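Protein chains: 2
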Amino acid sequence: MQRRRPEQKMSEPVPTTITTAADYRAATETPAQLIPNSSTEGSGALQYISAAASLCLRCDVEVTFQRHFDVTTKGHRHEKSSEQSRNLRQMNRTVVFQAQQGTVLQAQTMLLDEPNERLYIGAKNRLLSLGLERINSDHKEIQWASTESQIEECLMKGREKPECANYIKVLQQYNHTHLLACGTGAFNPTCALVAVGTKATDRLFSLAEESVESGRGRCPYDPNSPCTSTLYRGELYIGVYTDYWENDGALCRLNSQTYTRTERDDRQQLNQPKFIKSAVIPDNDDREDDKVYFFFTEREQNPEGETKAVYTRVGRVCANDQGGRRMLVNRWSSFLKTRLICSVAGANGIDTHFDELEDIFVLKNKDEKNPEIFGLFSTTSAVFKGYAVCVYQMEDIRVSFNGPFAQRERPGHHWMPYEDRVPYPRPGSVSRPL
Amino acid sequence: MQRRRPEQKMSEPVPTTITTAADYRAATETPAQLIPNSSTEGSGALQYISAAASLCLRCDVEVTFQRHFDVTTKGHRHEKSSEQSRNLRQMNRTVVFQAQQGTVLQAQTMLLDEPNERLYIGAKNRLLSLGLERINSDHKEIQWASTESQIEECLMKGREKPECANYIKVLQQYNHTHLLACGTGAFNPTCALVAVGTKATDRLFSLAEESVESGRGRCPYDPNSPCTSTLYRGELYIGVYTDYWENDGALCRLNSQTYTRTERDDRQQLNQPKFIKSAVIPDNDDREDDKVYFFFTEREQNPEGETKAVYTRVGRVCANDQGGRRMLVNRWSSFLKTRLICSVAGANGIDTHFDELEDIFVLKNKDEKNPEIFGLFSTTSAVFKGYAVCVYQMEDIRVSFNGPFAQRERPGHHWMPYEDRVPYPRPGSVSRPL
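Keeping their order, the protein sequence lines are chains A and B.
Position 3 (the first sequence) corresponds to 172 in the working numbering; numbering is contiguous.
Position 204 (the second sequence) corresponds to 373 in the working numbering; numbering is contiguous.
In short, the hints are calculated from the structure, not lab data.
It is possible that some hints are incorrect.
Just so you know, same-sequence chains aren't split out, so a pair can sit in one copy or run between any two.
[What the hints assert, rightly or not] Cross-link-like lysine to any residue pairs, in silico, SDA-like; alpha carbons within 20 Å at most:
#1 K477 - W584
#2 K368 - Q342
#3 K554 - A514
#4 K554 - V513
It should be emphasised that the depicted structure is a prediction, and the values quoted were computed from it without experimental measurement.
Please build the complete structure, drawing on both the sequences and the hints.
Shown next, in the form of structure tokens:
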């Protein structure tokens with residue numbers, strides 16, 4: 170594939186609303202392009218990944234992700250958004266879902282079920298199932314509020330009333346007949362299965378009451394806590410703060426028997442992470458080589474231990490990671506991370522960085538190994554606010570993970586390429602059953 | 170003096186035109202405040218100097234320095250500037266100087282002579298002397314264009330016609346009766362003395378033709394080249410690119426017999442400097458302790474040798490520096506530099522930096538040792554443009570120069586505080602005649 174640096178389109182009018190993957194692609198116009206950067210950085214990190222296909226959105230306009238109805242999942246609501254939605258509706262690409270009059274949806278998460286043509290929504294105290302064709306006449310709803318005793322306990326802890334509800338943060342296709350749903354349960358995380366039937370005509374949508382159980386480690390306590398999850402081969406991969414006080418941000422895999430996670434209190438692995446997205450992406454046709462990718466931001470500290478910057482990261486584990494041995498039982502043995510760079514080059518050689526990841530969209534191709542990764546980024550500055558969309562080729566992300574490692578001899582030293590012999594098996598590679 | 174962090178005034182209307190020192194002070198409103206920062210950085214650098222008294226100007230408004238007439242020295246002209254000047258005139262604080270009809274002044278430098286109530290201006294092909302009271306009726310002018318042969322030679326070198334003029338870049342009070350003026354002379358720097366008489370009633374303003382001589386090392390070749398100079402005790406202190414190709418930016422002292430300068434091709438000393446301002450500021454009542462300060466920006470390189478950032482620096486030499494010995498004859502033995510930080514703190518712990526120094530104003534106090542340093546800064550980003558005024562106390566700058574040194578063990582290491590024994594006499598201290 171030819172790689173050329175796209176023209177920057179700073180001064181042209183830019184799309185301010187992205188509704189679909191196609192729009193996402195249209196927003197960047199040029200096919201995904203990437204200039205690999207050989208500089209290294211980050212905690213246990215590899216190569217930087219630079220996106221040349223960046224499109225800087227006008228700095229006074231926010232992007233709203235409108236997923237075919239008038240819901241914004243990440244609070245990217247802007248004073249212009251009503252005008253934007255009106256424009257979208259005129260384009261006949263938006264249908265507004267009318268929640269019950271007087272109620273606010275407060276959607277937390279969504280799950281698209283394309284074969285059954287349903288869109289499931291986890292919201293405050295309820296789950297929704299919408300038909301993709303006629304969302305207003307063909308929707309079903311499950312009320313799932315916190316119990317009285319849960320709310321009472323939550324208020325006792327000094328929390329505010331609005332926090333003491335059940336915000337559904339996790340919604341995954343558990344098996345052919347059920348979804349897995351987890352909610353904050355008034356700071357008492359709770360999970361349950363939701364029966365959806367095996368085909369569209371089943372018209373089933375109900376909570377399996379007998380399946381309700383504790384959701385600790387599978388759902389955050391705080392409605393505002395970042396969280397991303399993926400269910401793959403019966404196992405839940407999740408980036409989540411596992412504790413009430415939000416000290417323990419972790420990337421975990423859970424099934425009914427075991428869990429595997431990042432090291433607790435290891436700031437080299439994760440430092441104040443904000444979890445955005447996760448996805449299973451195969452390396453090749455061998456399912457044993459499948460990898461799980463986590464997209465998140467974390468804080469970088471300078472040598473004096475002060476917080477200096479926010480960086481966007483891609484973390485990766487092997488789906489078949491059995492965990493480490495001895496001290497490292499139940500810990501990933503294949504965790505690696507690298508930095509995603511979204512920046513606009515200046516004529517003076519100085520790049521303007523968009524370091525705060527806001528959302529990720531994984532656009533699947535025919536070649537399921539090489540989806541395109543679309544990222545929406547914002548600035549970390551309190552003075553200058555702007556957004557940018559950057560596009561990354563999966564193969565370039567893979568090249569980075571397979572490239573040189575970075576090391577920092579001591580705190581106070583820069584991250585430099587690791588030039589000694591790399592151990593065998595290479596860190597981050599798939600472990601084969603003996 | 171009490172130090173408090175001033176409230177940020179990001180959203181309030183801000184002054185967009187600064188005409189005088191008083192305006193400069195008004196723009197920041199709070200008295201100069203500074204939070205010394207113990208982190209160290211920079212080439213041979215000392216402590217960072219952070220200004221807490223920063224005022225971020227609105228990002229779509231540029232600041233024009235209008236020095237009592239309609240001239241902007243640094244091209245900070247803005248589409249709103251005519252409106253701004255109109256406002257200023259309504260405030261009765263601005264008088265517009267009418268250059269000859271059809272001519273454009275293209276002012277390069279200015280010199281205020283308060284005792285004689287004159288303002289001297291170096292412009293394209295001419296020098297002006299304006300009366301402070303009645304600038305339009307009481308002005309005198311010297312035509313000083315390049316010679317025909319100079320222009321021809323300049324065009325032969327492939328330069329454009331507009332460049333091949335004599336842009337007066339240096340204008341200093343040479344003695345009681347004369348100014349020193351230097352111009353680019355169509356890429357052939359030339360200096361001369363200008364007779365101005367000893368008192369206002371002399372009404373003298375003429376070029377001393379017999380004094381015309383080469384200005385190499387005292388004036389840049391290129392009209393767009395940055396340059397700052399100060400004349401002190403008969404010696405010219407100048408930050409200038411000394412060569413035609415602009416490879417050799419240097420901080421120099423010249424008199425009729427000797428010169429002293431920074432090391433040629435030493436990127437640790439100066440790396441692509443942009444010279445903004447210079448000033449002599451005494452340390453105490455002993456004239457032997459006087460220091461000369463240079464304000465400039467330079468480029469910082471990352472470990473891979475790529476240009477990474479622009480930083481604002483204060484450089485300092487002792488006025489009585491006799492130069493080094495052996496290899497270091499005619500080189501400063503007292504040169505030190507440190508970084509001036511102008512930033513706005515974010516709630517997330519991330520500072521927004523204004524790294525590009527645009528102008529410096531040294532506001533003299535009764536205590537001549539401790540002027541206030543006002544800096545106008547802009548961003549280095551090609552995407553986000555904004556300006557900020559930061560104020561520094563001279564005593565804090567001095568504390569930084571007298572504080573710990575920074576060292577970098579090897580390229581690829583961070584700058585860290587130097588913790589070994591500091592040699593005696595301390596680098597950067599005044600050498601005493603034996």
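Non-conforming hints, listed in increasing numerical order: Hint check: nothing fails, all pass.
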